[in-house]
Amino acid sequence: MNKRIVYQNDEGGISIIVPADCGLTIEEIAAKDVPTGKAYNIVDVSEIPTDRTFRDAWTWE
Amino acid sequence: MAKTKISEYSATSANNTDISNINIAEGCSPANVNNAIRTLMAQLKDLQAGTSGDTIPVTAGGTGSATATDARTALSAAKSGANSDITSITGLTTPLTTAQGGTGTASTTFANLATNVTGTLPVANGGTGVSTLLANAVLLGNGTSALQTVAPSTSGNILTSNGTTWTSATAPTGITATTGSSPYYGARAFVNFNGTGTPAIRASGNVTSITDNGTGLYTINFTTAMPDTSYTTVGSSIGSTTSADGMILTGTAGGAAPTTSAVQVRMAYAPDNTVTDITFVNVAVFR
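Top to bottom, those sequences are chains A and B.
Quick note on numbering that gives the first Met the number 0: the first sequence kicks off at 0 and runs consecutively.
Quick note on numbering that gives the first Met the number 0: the second sequence kicks off at 0 and runs consecutively.
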């Protein structure tokens, strides 16, 4: 699945949900696995940086 | 009044003084007597032939009618042959034969399956298509053909599908105890994923997703929740390059506690506890 779910975690960083091949849609996974009340975005995997050198400093705009 | 037919006769003898105007009163001429007898015979013949217009009443053994229809009405009788007069028959004591449209029996059990039916009822008619069934066998559907059976066969066998039908086959051994009798417990969830570059899941079971929370820090989200939070989480970095040597799966100091729906793990380099992304993260959950 070439989609990812992005939301801001309680520590101020960015959490990225990587879906498994579990039979659920990306929307169903978001509804289930994004913490309750968190705003999220579903994005193409290509929008996620592959250089994780400064992973903990990522922000989402 | 001239008595020209029997219905005009009187039941009082003294009133019968003529017959068709032939005087037969006291003192009549002798010639009138034979004329009267002949006339009487003619009138009787007219009555018998039905030409006189007289009818014989029901009380005298007749029908009181001049036509068959009126006669049946007078007698409350039904017409013979094809007719619509008979609307109900309640007094039959002899059962109608099957040729007459009946059952040939006075029994209310019209068709006794044990005695009246022969042959085998096919599947297409709601039957089984067979006359005997193997004792303790499992029945198998067979389209419109007769049912098939699977015999129990050897003790311990199980029903096994070959993708087409079922057979009694030896149970797979699966995990077997080589020594001792302690039980085995399978993993309730597992996941193998790449934590570098663009993290992606290679294989998983009972996992809907992993959450990449930062460098080396992941949450495993279960498809079906664990029964409680007292499960065991194990993991490794087996499969990673040499740069991952010494990686261990740890908890997160101050991080999220395990829940029934997810567990957070962290990959750290054992010598100095440095959290690191690695290529093979393997996690399994037992309960």
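Among these hints, one or two may not hold up.
Unchecked claim - Pairwise CB distance ranges (calculated):
#1 B/197 x A/26: 19 to 29 Å
#2 A/26 x B/130: 55 to 65 Å
#3 A/40 x B/258: 16 to 26 Å
#4 A/36 x B/150: 55 to 65 Å
#5 B/250 x A/36: 43 to 53 Å
Unchecked claim - These stretches of chain B come out as covered by chain A in the derived footprint (C-beta under 8 Å, 3 or more residues):
#6 185-195
#7 203-216
Unchecked claim - Now the stretches of chain A that chain B is said to cover, found in silico as 3 or more residues with beta-carbon under 8 Å:
#8 14-23
#9 27-34
#10 40-50
Don't read these hints as lab results, they were simulated from the structure.
Beta carbons are placed, not taken as given, at the ideal position from N, Cα and C, and that holds for glycine.
For each hint, the structure was consulted:
1. For the pair residue 197 of chain B and residue 26 of chain A, the supplied restraint of 19 to 29 Å holds, since their beta-carbon distance comes to about 21 Å.
2. Taken as a hint, the range 55 to 65 Å holds for the pair residue 26 of chain A and residue 130 of chain B, whose Cβ atoms sit roughly 58 Å apart.
3. A hinted range of 16 to 26 Å for the beta carbons of residue 40 of chain A and residue 258 of chain B is consistent with their spacing of about 24 Å.
4. The hinted range of 55 to 65 Å is satisfied by residue 36 of chain A and residue 150 of chain B, whose Cβ atoms lie roughly 60 Å apart.
5. The supplied range of 43 to 53 Å is broken by residue 250 of chain B and residue 36 of chain A, whose beta-carbon atoms lie about 25 Å from each other.
6. With a cut-off of 8 Å between beta carbons, the stretch 185-195 of chain B has 3 residues touching chain A; three or more are needed, and the interface restraint holds.
7. Counting residues of the stretch 203-216 of chain B whose beta carbon lies closer than 8 Å to any beta carbon of chain A gives 10, which meets the minimum of three for the stated coverage.
8. Coverage of the stretch 14-23 of chain A by chain B holds in this model, with 9 residues showing a Cβ closer than 8 Å to a Cβ of that chain against a need of three.
9. Counting residues of the stretch 27-34 of chain A whose CB falls under 8 Å from any CB of chain B gives 3; the rule of at least 3 is met.
10. Only residues whose beta carbon comes within less than 8 Å of a beta carbon in chain B count, and the stretch 40-50 of chain A has 3; three or more means the coverage holds.
Hint 5 from the earlier list is the only one contradicted by this structure; the remaining hints agree with it.
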